[in-house]
Amino acid sequence: MTERVARLRAGSLETKPWLSLERARLLTEFYRTSDAALSIPVRRARSLVYLMERKTIYIGSEELIVGERGPAPKGTPSYPELCCHSMEDLEILHTREKISYTVSDEARRIQAEEVIPYWQGGSMRDRIFAEMTPEWKDAYAAGVFTEFMEQRAPGHTVLGDVIYRQGLLELQADIDAALGRLDWNGDARAWDKQQELKAMRIAAGAVIRFAERHADLALRMADEEPRAERKAELRRIAEVCRHVPAHAPRDFHEALQAYWFVHLGVITELNTWDSFSPGRLDQHLAPFYEHGLAGGTLDREAARELLECFWVKFNNQPAPPKVGVTAAESGTYTDFCNINTGGLKSDGTDGVGEVTWLILDVIDEMRLLQPSSNLQLSKKSPDRFLKRGLEIVRQGWGQPSIFNADMVVEELLRQGKSIEDARAGGISGCVETGAFGKEAYILTGYFNTAKVLEITLANGRDRRTGKQIGIVTGDPREFGSYDELFEAFRRQLRHFIEIKVRGNNVIERLYARYMPAPFLSLLVEDCIANGRDYNDGGPRYNTTYIMGTSPGSVTDSLSAIRFHVFDRGTASMDELLAALDADFAGYEKLRLQLWNKTPKYGNDDAYADGILRAVFDAFHDEIDGRPNTKGGVYRVNYLSTTCHVYFGSVTGATPDGRRAWEPLSDGISPTQGVDRNGPTAVIRSAAKLDHARTGGTLLNQKFSPRLVEGESGLEHLAQLVRSYFKLDGHHIQFNIVTAETLREAQREPQKHRDLIVRVAGYSDYFCDLTPALQGEIIARTEQAGF
Amino acid sequence: MLSNGHTEASGVIFHIMRFSLHDGPGIRTAVFFKGCPLSCWWCHNPESQSFSPEVLYSVDRCRLCGDCAAICPHGAIERTGERMTVTGDGQLCATCAAACTAACGAEARSVAGRTMTVTEIVAEIERDVVFFDESGGGVTFTGGEPFAQPELLEALLHACRARRIHTTIETCGAAARESVLRIGGLADLILYDLKILDPARHRQYTGGPNRNILENLEALVAAGRPVTVRIPVVPGVNDGATDVRAACDYLAPLGLTRVDLLPYHRAGAEKYQRLGREYRLERTAPPPAAAMAAIAAEMEAVGIPVKIAG
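Residue numbers (the numbering used here), protein chains in the order written: chain D, 1 to 786; chain L, 787 to 1096.
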């Protein structure tokens, strides 16, 4: 890496995240003074103009790619229209041990005097909680599910190739054409569409203006710059910012800068889950790279430096601060932008190209938390692509993760996407499948299936509080068979899914009505043509997800009941329930039977894996295909981020022998430490889940560094990946680090500040994780070679 | 009984280990036969030596709950101080269904060895065919000594060949010549252990003679079978100058394509405790890398294609 990149990288790593109230202050000022008679979309768009006209413009001393969301790197804004932090929230953000944000006295004053008085009671968070039913609130409080939209806007948004073909000015022309086509006498929604399209037009102008302000600043800085070399760079920056994103980029530098301005536009407009992502970056950049090389205006090293400057920009934008349950389910600075490499082109050919190799080198060299990165591995991808990725993986900092590109296509095809749109898709966030640039695939919350089993065993009561929050499905002591128990579980599952879906349907309408995202909308295909917002069914595809969690813990628990209570009679149901109520105090012998002598998921055991399939079917069949409010349908996926720790903390002792409040299993990985037949057995078990009927699954494996040493170690890892994908697995990721190293890092965090580990769909600094999550990662079975 | 009226071959297996990476090419499943004619001091699978099932006991996991004593049909388990011990000579356990191991939730008691049929073993092997296909792997029959259960080994080799699964036999060579040549001829690769050339010291450290072992190796090589010789390098046992020179003199003329040196390790030491047996190499440390390199160099100098594994 060049000295410039090294300094920019170090600056980004050393700067602690801090809360910037600039956006909140400007937004409040706008809403106080703007015309309340404006339509909601137009007012939202005008607020973006207000922000982009006034926010601090920052160009770092050596930067080539410019623009920050906050006033300076790591300055993280808040979004009071979504979530208006209380003064206590700010104190928590400032002082909490993990994932803290420095909050200055001045920020506190602005929050107290300007932001809270205007937004309190009127944020989306307030609206949502006001609209939810008592049943929803009970289930939410009990930890049956989480709600993604209570502090952040709908997201999982990935850009396609539009900005590389069209500048925002051309998109404005498209908008004008759509306005001209409105059918005022035949379309009852013509006015709504007009307002939305006008809003998109205004929002495009806001981001063009934002870029121009960078051009102006760069020129001013150039005038004052004594060094000739930097002066020329600043002039070049000004030229680039003058051209993009108003116009389509002409070269590699402009392509990166165009994306970055658009990225900042999206994440300034709203705090979208998973920020925003360039998707198939290698494929989008390939024509510019080749053109630059052919014309002699670019070489590999210059392209690498630009890419590395681009990488630093992502790392400068920590996730906006989260509080409460949202902080617990996603406790990280990572904002989940995930760069896809390789995969297929939309014509079905292998997508690996020169820029792919370049990006892999950049990932390897930069070792940054953000952006996250992944390999899209198709059966058509060359082995050297996989091995190059694994070379980076085995250094043990958890990137890139590896996806089965052919499976991603199959999942999208099953959902009704066209073959071209499916091939141009990929994953975002952790493992979530989407048709890039054409789909709103909204994750709405994690669903705690283990908690539902607990409630089933308590005949509808929450054992933690004693409150009846589920339906009465019968006293389990009266059940004559396992099937009766499973049927009760299924009914309880349906009950809570109904509650979650009803809540979702309300929240979707609240966002459609009150929180349109006109800038994001003009970037996602068919929103302009449909004259509808991203949050209101504008995109070509609209999918709503509920995320299943901890199938490992649930499978093992059901297996334990079936095996010990109904098959073997090791324990009666009465005894088991008493043991769970006592958190196994006085029942250690039974707990050991449950933990050690039960067929468990992850061991390629037909008994346990059959239960896994039944659990999956019950969850899937209850959700998949339900209509959402946007003309699309519901789907499921399986991931947990850090939510298995939160869900564990509200779930008492489970029949698999897990003690109360401990983490549940993560993603679709086996329960920590119960997989004892090695990685091939884990892979075979995980492959028994029908990945094609999901929108993504997450499998974690921990390997000792010795196992992956040398060329043969690399080959064995590659063979495991290829085998899992042959069996139609969706995704696998590896932690290459010994349990001993992790324990050492717990003891002496100061010596291991740089230790990055794979958590669950993303990587994080080990020392930033909560002790519970640290323990959970240590407990995952470390696979050794034999 | 099979449909054709024959009884299916079966035998005693003490472990089937998947994702085995060091006993033949690719990702393999290792099938461990129980029972061995030798009893080498350094054996890291001491539970492989006896032909009968054995119960292993880990005192550190034992919670002294006494369930094993209560369930033992022979009344042969009793508490002695801070551990549960088996009375008598342990022969009772060899024919027992080992109910004590099933009852032990703490997993302090486990059984090594169960009778399995060819069908059952092949079903386990076939689980990982996708990994074999992807990696060029297959199955390795090891032990114990696979040739000590010749009918089982032969039937398994036929079954795997029919399924086009790559087969490897790992053997100590102490077996009947006829078996080694005929059954060994069914395998794609033979990993052949060679310990000590000196007959007296071979007998001392392995419990058996080496003449037959050496002759079997020569016969396999003469028959053109693909053989890799593997030498465990055990400090103080076979790493002396005389031993190394003897190995060189013996191996060089055989014209082998591969010889692996396996550095002694102590992974099995704890198992002796669990079996209630004495580990006679308590004071032996693994050989330093430099010592291994020196031995390898000496062998290479006489044209032996040697590799240090482990």
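These aren't lab readings, by the way, just hints derived from the structure by calculation.
Fair warning: this is a prediction, and the values are worked out from it, not measured in the lab.
Any given hint could be a false lead.
As the list claims (entries may be wrong) - Capping the alpha-carbon separation at 27 Å, the derived lysine-lysine pairs in DSS-like fashion look like this:
(1) D:Lys387 / L:Lys1057
(2) D:Lys379 / D:Lys589
(3) D:Lys231 / D:Lys193
(4) D:Lys379 / D:Lys345
(5) L:Lys1093 / D:Lys589
(6) D:Lys726 / D:Lys688
To be verified - Here are some chain L residues pointing at chain D (derived, C-beta under 7 Å):
(7) Phe805
(8) Ile813
(9) Asp846
(10) Arg847
(11) Cys851
(12) Gly891
(13) Ala892
(14) Glu893
(15) Arg913
(16) Val916
(17) Phe917
(18) Ser921
(19) Glu1068
Said to hold, decoys possible - Label pairs and their computed distance ranges (CB to CB):
(20) L:Glu893 / D:Glu420: 52 to 58 Å
(21) L:Glu893 / D:Glu135: 56 to 62 Å
(22) L:Arg1066 / D:Glu14: 54 to 60 Å
Even glycine gets a Cβ: it sits at the ideal position worked out from N, Cα and C.
Numbers of unmet hints, in rising order | 1, 2, 3, 5, 9, 10, 19, 21
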